[in-house]
Amino acid sequence: MPITATPKVWMNGELVDWDKAQVHVLTHTLHYGTGVFEGMRAYPTPKGPGIFRLTDHIERLHRSAQILMMPLEWSVADLVQASKDTVNSTGLDACYVRPLAYYGYGEMGLNTIPCRVDVAIACWHWAPLHGLEVLQRGVRLKVSSWRRHDHNTMPPAAKTVGNYVNSSLAQTEAIRAGYDGTIMLNPSGLVSECAGENIFVVRNGVVLTPPTSAGALEGLTQQSVGTILGDMGIELRVCDLTRSDLYVADEMFTCGTAAEVGSVRSVDDRELPCPGPISTAVAEVYSRATRLEDPRYASWVELCR
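In our numbering, the protein residues as written are 41 to 345.
No wet-lab data here; the hints were simulated from the structure.
Where a beta carbon is used, it is the ideal one built from N, C-alpha and C, also for glycine.
Just to be clear, a hint being listed does not mean it is correct.
[Claimed, not checked] Calculated cross-link-like contacts (lysine to any residue; reagent style SDA-like; alpha-carbon spacing at most 25 Å):
1) Lys87 - Arg328
2) Lys60 - Asp118
3) Lys60 - Phe77
4) Lys60 - Asp125
5) Lys60 - Met148
6) Lys48 - Ser115
7) Lys87 - Ala299
8) Lys48 - Ala134
9) Lys60 - Asp133
10) Lys60 - Gly144
11) Lys87 - Ser327
12) Lys60 - Tyr72
13) Lys87 - Arg345
14) Lys87 - Tyr136
15) Lys60 - Ala134
16) Lys87 - Leu55
17) Lys87 - Gln121
18) Lys48 - His165
19) Lys60 - Glu147
20) Lys87 - Asp334
21) Lys48 - Asp118
22) Lys48 - Val116
23) Lys48 - Gln121
24) Lys48 - Tyr136
25) Lys60 - Trp166
[As the list claims (entries may be wrong)] What follows is a set of in silico ranges between Cβ atoms, one per label pair, in the way DEER data are often shown:
26) Ser253 - Leu66: 34 to 40 Å
27) Tyr287 - Arg103: 32 to 38 Å
28) Gly273 - Lys60: 49 to 55 Å
29) Ser284 - Val63: 42 to 48 Å
30) Asp133 - Thr212: 31 to 37 Å
31) Glu54 - Thr193: 35 to 41 Å
32) Tyr287 - Gly131: 42 to 48 Å
33) Ala338 - Thr282: 37 to 43 Å
34) Gly131 - Val246: 41 to 47 Å
35) Thr252 - Gly131: 35 to 41 Å
Please work from the sequences and hints to get the whole structure.
Pasting the structure below:
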């Protein structure tokens with residue numbers, strides 16, 4: 041998705057002009073991928089733009105940094121406010137928000153201990169990857185030849201810059217093969233997640249999703265969907281899934297901040313019922329929740345103004 045410039049980017053405590061938000065070519069993370077990031081969305085609400093699950097996202101950013109032993113100078117409260125300030129500086133009612141913590145210029149080599157940690161937050165207009173039209177049509181997914189990281193190789197629990205080489209290879213492979221996206225298996229051959237989204241399979245009225253032990257990121261949209269399902273009286277089980285479980289699903293959907301909730305039309309050319317009733321119902325409730333249109337989930341939206 042092309043990036044459309046906005047007026048300001050937050051960098052290490054101040055809002056700087058978009059074109060001046062630059063780093064040196066010898067920035068450490070550019071060479072080694074040792075950064076952590078988040079993806080958030082601000083939505084239009086009757087009270088102005090609100091960021092969905094903002095504090096939860098920033099807390100996960102801090103957890104990712106803890107896993108990498110990356111010291112962050114800025115507290116959760118600092119970065120929550122900085123995110124709001126950045127959104128407000130854009131003048132947009134809705135935008136994508138990208139906080140990034142990275143090792144900056146001044147040291148080179150694998151040892152990160154001497155490196156300084158910089159933090160930036162940028163916002164831009166980015167329409168949902170799925171949207172209502174794609175929800176109805178569904179996406180075609182392919183199981184990737186690339187495996188998701190093992191927990192003792194790269195920490196999948198951390199939203200780490202370098203981890204997404206794995207996701208990028210898998211997604212690009214699928215798109216080049218004519219599919220909309222990909223599904224990744226872990227080293228044991230169990231279903232992990234899509235390149236950047238969590239997976240839900242419906243069987244006999246029960247919704248199934250892979251555990252973090254399978255290499256899936258503990259998704260905040262995934263948690264939101266779990267709460268919505270519970271409020272709808274639909275059982276959610278966190279359990280291992282095999283490749284064959286995908287082929288015989290009654291329906292299947294995915295979720296993530298960028299893609300929101302989207303239905304799946306086929307996996308490896310095995311057609312699935314689409315859009316399914318549970319997928320559609322969850323997507324509708326989620327959409328209302330993000331825009332403060334459902335009071336049950338008002339606490340998930342933090343207003344920027």
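So, going through the hints one by one against the coordinates:
1. For the given pair, Lys87 sits about 14 Å from Arg328 by alpha-carbon distance, which is consistent with the 25 Å threshold.
2. Taking the CA atoms of Lys60 and Asp118, the gap is near 22 Å; set against the 25 Å cutoff, the hint holds.
3. Restraint check: the Cα-Cα separation between Lys60 and Phe77 comes to about 20 Å, which is no more than 25 Å; the hinted pair holds.
4. For the given pair, Lys60 sits about 18 Å from Asp125 by alpha-carbon distance, which is consistent with the 25 Å threshold.
5. Simply put, Lys60 and Met148 have alpha-carbon atoms about 23 Å apart, close enough for the 25 Å limit, and the pair holds.
6. A C-alpha spacing of about 21 Å is found between Lys48 and Ser115, which places the hinted pair at or below 25 Å, so the restraint holds.
7. Distance check on the hinted pair: Lys87 and Ala299 sit about 24 Å apart at the alpha-carbon level, within 25 Å; holds.
8. Proposed proximity of Lys48 and Ala134 is supported: the alpha carbons are some 15 Å apart, at most 25 Å.
9. Taking the CA atoms of Lys60 and Asp133, the gap is about 24 Å. The hint holds against a cut of 25 Å.
10. Between Lys60 and Gly144, the direct Cα distance comes to roughly 16 Å. Compliance with the 25 Å bound is thereby established for this hinted pair.
11. Taking the CA atoms of Lys87 and Ser327, the gap is about 16 Å. The hint holds against a cut of 25 Å.
12. A distance of roughly 23 Å separates the Cα atoms of Lys60 and Tyr72; the hinted pair therefore holds under the 25 Å criterion.
13. Taking the CA atoms of Lys87 and Arg345, the gap is about 8 Å. The hint holds against a cut of 25 Å.
14. Taken as a hint, the Lys87 and Tyr136 pair is honoured in the structure, with Cα atoms around 18 Å apart against an allowance of 25 Å.
15. Our distance criterion of 25 Å between C-alpha atoms is met by Lys60 and Ala134, whose separation comes to about 23 Å.
16. Of the pairs offered as hints, the one joining Lys87 and Leu55 holds, with about 24 Å between alpha carbons and a cut-off of 25 Å not exceeded.
17. Of the supplied pair hints, the one linking Lys87 and Gln121 holds, its CA atoms being roughly 17 Å apart against a limit of 25 Å.
18. In summary, the hint linking Lys48 to His165 is supported, as the alpha carbons are separated by about 13 Å, within the 25 Å threshold.
19. A C-alpha spacing of about 22 Å is found between Lys60 and Glu147, which places the hinted pair at or below 25 Å, so the restraint holds.
20. Between Lys87 and Asp334, the direct Cα distance comes to roughly 14 Å. Compliance with the 25 Å bound is thereby established for this hinted pair.
21. For the given pair, Lys48 sits about 17 Å from Asp118 by alpha-carbon distance, which is consistent with the 25 Å threshold.
22. For a cut-off of 25 Å, the pair hint linking Lys48 to Val116 stands: about 21 Å separates their Cα positions.
23. Under the criterion of a C-alpha separation no larger than 25 Å, the hint pairing Lys48 with Gln121 is consistent with the structure, at around 15 Å.
24. In summary, the hint linking Lys48 to Tyr136 is supported, as the alpha carbons are separated by about 14 Å, within the 25 Å threshold.
25. Distance restraint check for Lys60 and Trp166: the Cα-Cα separation of roughly 21 Å lies within the 25 Å cut-off, and the hinted pair is therefore satisfied.
26. As the Cβ distance of Ser253 to Leu66 is approximately 38 Å, the hint placing it in 34 to 40 Å holds.
27. Separation of Tyr287 from Arg103 is about 34 Å and conforms to the stated range, judged on CB atoms against 32 to 38 Å.
28. For Gly273 and Lys60, the Cβ-Cβ distance of about 52 Å falls inside the hinted range of 49 to 55 Å, so the restraint holds.
29. The hinted window of 42 to 48 Å between Ser284 and Val63 holds, with their beta carbons roughly 46 Å apart.
30. A beta carbon spacing of about 32 Å between Asp133 and Thr212 agrees with the range 31 to 37 Å that was offered as a hint.
31. Taking 35 to 41 Å as the suggested C-beta distance range, the pair Glu54 and Thr193 conforms, at roughly 37 Å.
32. Against the hinted window of 42 to 48 Å, the Cβ-Cβ separation of Tyr287 and Gly131 comes to about 47 Å, which satisfies the hint.
33. For Ala338 and Thr282, the Cβ-Cβ distance of about 39 Å falls inside the hinted range of 37 to 43 Å, so the restraint holds.
34. Against the hinted window of 41 to 47 Å, the Cβ-Cβ separation of Gly131 and Val246 comes to about 45 Å, which satisfies the hint.
35. For the hinted restraint 35 to 41 Å between Thr252 and Gly131, the CB-CB distance of approximately 38 Å keeps it satisfied.
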